[in-house]
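Participant: Now for the letters of each chain:
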Amino acid sequence: MSDVDPSEVIARARSFADTGLAPRAAEFDRDERLPADVVRTMAAEGFLGAAIPARWGGLGLDPLAYGELTEVIGKACASTRALLTVHTSIVAGTLVDLASKRLKEKYLPALARGERIACFALSEENAGSDAAAVTTTYTRKGDTFVLNGRKKWISFAGIADLFLVVASDHGTTSAFIVERDAPGVDTRPMSGFLGNRATHIAEVAFADVEVPAENLVAGVGAGFGFVVNTALLHGRYSIAWAGVALAQAALEEMCSYATRREQFGVKIGTQQLVQKMVADAVTNVAAARELCRRAGRFLAPRTADAAMETNIAKYFSSTIAQRATSDAVQVLGGNGCWSGFPAERLFREAKILEVIEGTSQLQQVMIADFGYKKYARKN
Amino acid sequence: MHDEAVVNMADVTVADAAANIRAYLRENMTAFKDVELHDEDNIFERGFFTSLFAMQLLHYVESTFDVEVPDDYIVLRNFSSVRRLADMVADLKSPSGE
Numbered sequence: 001m002s003d004v005d006p007s008e009v010i011a012r013a014r015s016f017a018d019t020g021l022a023p024r025a026a027e028f029d030r031d032e033r034l035p036a037d038v039v040r041t042m043a044a045e046g047f048l049g050a051a052i053p054a055r056w057g058g059l060g061l062d063p064l065a066y067g068e069l070t071e072v073i074g075k076a077c078a079s080t081r082a083l084l085t086v087h088t089s090i091v092a093g094t095l096v097d098l099a100s101k102r103l104k105e106k107y108l109p110a111l112a113r114g115e116r117i118a119c120f121a122l123s124e125e126n127a128g129s130d131a132a133a134v135t136t137t138y139t140r141k142g143d144t145f146v147l148n149g150r151k152k153w154i155s156f157a158g159i160a161d162l163f164l165v166v167a168s169d170h171g172t173t174s175a176f177i178v179e180r181d182a183p184g185v186d187t188r189p190m191s192g193f194l195g196n197r198a199t200h201i202a203e204v205a206f207a208d209v210e211v212p213a214e215n216l217v218a219g220v221g222a223g224f225g226f227v228v229n230t231a232l233l234h235g236r237y238s239i240a241w242a243g244v245a246l247a248q249a250a251l252e253e254m255c256s257y258a259t260r261r262e263q264f265g266v267k268i269g270t271q272q273l274v275q276k277m278v279a280d281a282v283t284n285v286a287a288a289r290e291l292c293r294r295a296g297r298f299l300a301p302r303t304a305d306a307a308m309e310t311n312i313a314k315y316f317s318s319t320i321a322q323r324a325t326s327d328a329v330q331v332l333g334g335n336g337c338w339s340g341f342p343a344e345r346l347f348r349e350a351k352i353l354e355v356i357e358g359t360s361q362l363q364q365v366m367i368a369d370f371g372y373k374k375y376a377r378k379n
Numbered sequence: 001m002h003d004e005a006v007v008n009m010a011d012v013t014v015a016d017a018a019a020n021i022r023a024y025l026r027e028n029m030t031a032f033k034d035v036e037l038h039d040e041d042n043i044f045e046r047g048f049f050t051s052l053f054a055m056q057l058l059h060y061v062e063s064t065f066d067v068e069v070p071d072d073y074i075v076l077r078n079f080s081s082v083r084r085l086a087d088m089v090a091d092l093k094s095p096s097g098e
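As they're listed, the protein sequences go chains A and B.
Using UniProt numbering, read the first sequence as starting at 1 and increasing by one per residue.
Using UniProt numbering, read the second sequence as starting at 1 and increasing by one per residue.
Quick caveat, the hints were computed from the structure, so don't treat them as lab data.
Among these hints, one or two may not hold up.
In silico lysine-lysine, DSS-like type, Cα no more than 27 Å apart, as pairs [unchecked claim]: (1) B:Lys93 to A:Lys141; (2) A:Lys101 to A:Lys141; (3) A:Lys152 to A:Lys276; (4) A:Lys152 to A:Lys141; (5) B:Lys93 to A:Lys378; (6) A:Lys276 to A:Lys351.
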C-alpha cells in the first residue's frame, strides 16, 4: 500500500505547472524540445511514476488521482503531459498489467523514478490505426529475438532509453522492450508537427537488433490483442484527461479575455454570441471531466467495460477540446491567431487529440457497435 | 450499468465456466451477427470479434472467476473459443493452478 497523499501530490504538480511549465510552454513549443530540467523535475517529484504501484517504486495513485494530475500538467503544457501519457500511462502501465515479474523487476523501478524514459514504438509509415499491419519483424534466435524494421512518429523516441516495440513474425504479433543502446537501434529526429512539438518525435530503425527473450512482454502472439490494447487503453485514458486540460485552459483564456477586451464601447463578454461560446465551454468541460472520472471508476478495479468507458471519455473530451480551443481563438480574434497568446497553441494541441490513440472516427465505430449491443431491443 | 458479479466457483467445473463464458460472449457479439456460437468456434477467426476484444475477455475472466491470468497464459489461443476459455479457467481454479 502506498502512504502517498494524492492531494499533496496534485498540489505539488499544480505548483510546478504554474511556475515551471505554463510560463515556458510557448518556448518549448517554439524550440520543439522539452528541456532536460523539466524531465528531471517530473522525475524528482515522482510524477513519472505517479500511476506505478508503490511496490515498484511509484506513487501508486489510483486512476482518478492520476487523471487529475494529468489534467493539471496538461493544462500548463501539452508536451509535458505527453511525457506522462507515453512514459507513465502507456509503457509503465502496460508493464504493470502484462509483464512477467522478472521484466517488472528489471525495468519498473527505474521507470518509476524517471531514471530511464520509455516510449511506445507502434506506428509505422503504413501502420497507424491498423496496428496489426506492422511490418517490423522479429525472429527467434536461441535465447533472443531479432528485430528488423522502422517505426515512425514515435513520441519521445529522441530521448527515450527504452522502447516498447510491436513487431510481427508472419502475422503473429508480439511486443518487446528494446534498450536504446542495443546495437542496431538508430533514431532520427522528426520536426514540423501541428502540436506536441516538444515531444522529441523521431523515427526509430531496428537493424538486426537482438533482444533478450525475457524482454518479451506477455506471451508470443500477445502483441496486438493484449499489449497494444492495454497500451492504448492507458493512452486513451490519459488523452481523455488531456482533452479536459486543454478545454479548461481554453475556457480560462476566453473568459479572461472577454471580461477585459472592449469593442464598440462594451466588454465583449457582454455580447450574447460570446456568452454562447463561454457557456458551451463551461458545460462541455464539466461534462468531459465527469466522463473521465466515470472511466476512472471503471479502471480502478479494471472491469471488462473499462475500455469502452474510456473510449467514450476520450472521444467526447477530445471533441469538446477542439471546439473549446477553436472558440477561444474566436473570442480572442486577432490575438487568438497569434503566438503571443496561448489560444493558437491550445487550438493546435487539441486537434492532435482527435487523431492520436485512435482517431475519433475509430472511437465512433467502436462506440456505435457498443450501442447496438447494449441498446438494440432484442425482441 | 455494467454490474459484474464474481462467480463463486470454488468448485468450478469446465461446464459451469463454459456456460458463463458462452452467455458473456453472446451478450457481447456484434448485433449484426445472427449466427450460432459453438463452444469450439474460434471467435476471432470466424469474425464474431476482433482481437481488440481479447483484453476485455482477459478482464472478464479475471473479475468474473476471481483468478489472475499469468503472463505466460496471455496468448490469443487461450481466449479464442468458449472451450479454451473454460479449460483455462478450470486450470487456473484447480489447486495446482492457483
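Participant: If a hint holds in the structure, say so; if it doesn't, say that too.
Facilitator: Right, here's what the structure says about each hint:
Restraint check for Lys93 (chain B) and Lys141 (chain A): not satisfied, since their Cα atoms lie roughly 35 Å apart, outside the 27 Å limit. Only pairs whose Cα atoms come within 27 Å are accepted, and Lys101 (chain A) paired with Lys141 (chain A) is accepted, the gap being roughly 23 Å. Between Lys152 (chain A) and Lys276 (chain A) the CA atoms are separated by roughly 41 Å; this puts the pair beyond 27 Å, and the hint is violated. Straight-line distance between C-alpha atoms of Lys152 (chain A) and Lys141 (chain A) comes to about 26 Å, which keeps the hinted pair within the 27 Å bound.
For a cut-off of 27 Å, the pair hint linking Lys93 (chain B) to Lys378 (chain A) is broken: about 34 Å separates their Cα positions. A hinted pair counts as satisfied when its Cα atoms are at most 27 Å apart, and Lys276 (chain A) with Lys351 (chain A) qualifies at roughly 22 Å.
Comparing the model with each earlier hint shows violations of hints 1, 3 and 5; every other hint is respected.
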